[in-house]
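Chemist: Put chain B on the given structure of chain A with help from the hints.
Number of protein chains: 2
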Amino acid sequence: MKENLGLVKTVKSLAKILRGKPNPPASLADNEMLQVIYKRRSVRSFTSQPIPDDVFSAILEAGRLAPCTVNLQSWTFAIFDDALWQQTFDHSIPFHGNRAVIVISDSARYRQVLEDFPYCPLTEYTIAVVNASLAAMNMNVAAEALGVSSVMLSETGRSGILDAKYLKEKLNLPDGTVPLMTIVFGYARGAYPIMPPKLPMERILLHGQYQPSDRATMESWLEQMIAGYNASHLGTSFKTQLDIYQSKIGQAEDELNEMVFYRKK
Amino acid sequence: MKENLGLVKTVKSLAKILRGKPNPPASLADNEMLQVIYKRRSVRSFTSQPIPDDVFSAILEAGRLAPCTVNLQSWTFAIFDDALWQQTFDHSIPFHGNRAVIVISDSARYRQVLEDFPYCPLTEYTIAVVNASLAAMNMNVAAEALGVSSVMLSETGRSGILDAKYLKEKLNLPDGTVPLMTIVFGYARGAYPIMPPKLPMERILLHGQYQPSDRATMESWLEQMIAGYNASHLGTSFKTQLDIYQSKIGQAEDELNEMVFYRKK
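So the protein sequences, as listed, match chains A and B.
Just so we're aligned: 264 in the numbering used here is position 264 of the first sequence, and the numbers increase by one with no gaps anywhere.
For the numbering used here, count along the second sequence from 1 and bump the result up by 1000.
A portion of the hints provided could be inaccurate.
[Said to hold, decoys possible] Pairs of lysine to any residue, SDA-like flavour, derived with a Cα cap of 20 angstroms:
#, chain 1, residue 1, chain 2, residue 2
1, A, Lys170, B, Leu1206
2, B, Lys1248, A, Pro118
3, A, Lys239, B, Gln1112
These are computed hints drawn from the structure, not numbers from a lab.
Predicted model only: the values in this text are computed from it and were never measured.
One chain only, chain A, in its complex shape (with noise of 0.2 angstroms):
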């Protein structure tokens, strides 16, 4: 992958960055839920004001009340502010954040009592990354209409799922369950950041039957990719970015493998 795409194709590609926005139908524009929803970002600065405890109970409430599959709430939040997240992880909270959520998949607790639930590791695993994700989401959005803003952590100071098995190791977690993401809350220092480069509307709908997107629009989102972690990350770059991924992850399926598969090892 090119790290550098010239000059000519940089301006260009910042270009299309900066033309990108939320493209809500003209007659609705004025709900103000939905620019709530349209206008929130991943937040990686914030001040130092804390949440009240109120506003974080009204967060993790949005959470417990998520949709969830036969309702099994297959989720467990591991909830931080600073000196627990020091404590037990010897750093601050990613981004000096205020507060800190781990969301959890958890395929434990229901089996407590329904202990004849067959051993289908990959489906229940499925089923529990997709309930513990709607209430991470459900979570985020609450923070927001609340003016708190967050960011979901797969990789940054060894907090998501590329790092599942020393997060299940930390906190003393039992099989069936599996670390997904950390959110990290707080208020937002400054202004939003730019909308990152999101794929046009057409590309990721699907009518009737699946369509491989056009070459030139994956190329385009690419570029823009490239040169917005180019001009923003300063000291960084989307390679560097890939990269890290990409030296992790080995390790990480070998983990996420035998803590899916948990009997089988």
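Modeler: Showing chain B alone in chain A's frame:
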């Protein structure tokens, strides 16, 4: 598992269900957007009122703009009105919903331009399932914001993860994609259903180290599930529902393994 609790336990369990409600901090109880999030329910009865195109577009836009790992947008949304659903599946949209979206985890699209992404299927699948589920929840909340109700299906009408291979064939999906669920959208007929029995907050939170839920809480939950099904789902029971799951999950597990680890087979 018991199918029948006896009268006293049934009454007590139903009373517990009826006492269950969203529990936001009093200080935030009048936040309108939180109310929408907390009052959302899975709705399975819809009027014949059609969802206008602009409203459906606004819902899909929330999916397009959902957060996702490294902005990979590893999702595809197969969209349907009843005519297209009928044409594809030879029956109406489940519960006579007006529109439907099959939410598909899609690791195939970005690979068109990131060819050297290593083959770590379980990790990549997990990331795509997380992302697609975040998009699903964002669409669900956006729908509620617009007065549109919905239900996410995992099994009903061969529309979810337990029939992923069937859906993949029907939609001609490539390797690297897995259909996760169908979201059925429509305008709710009548009042929202009662909240299903949710575990208390302290049972799903982890503060420091994992503690298994006390068995009494889980048994109370199970009794509420049994009593609630018997009371509200005419002609079925929680055990029947679990039996349907159990009868399908073995084959689903084989098929899912085939789909997730597609290069090995």
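Chemist: Check each numbered hint against the structure and report the violated ones by number, ascending.
Modeler: none
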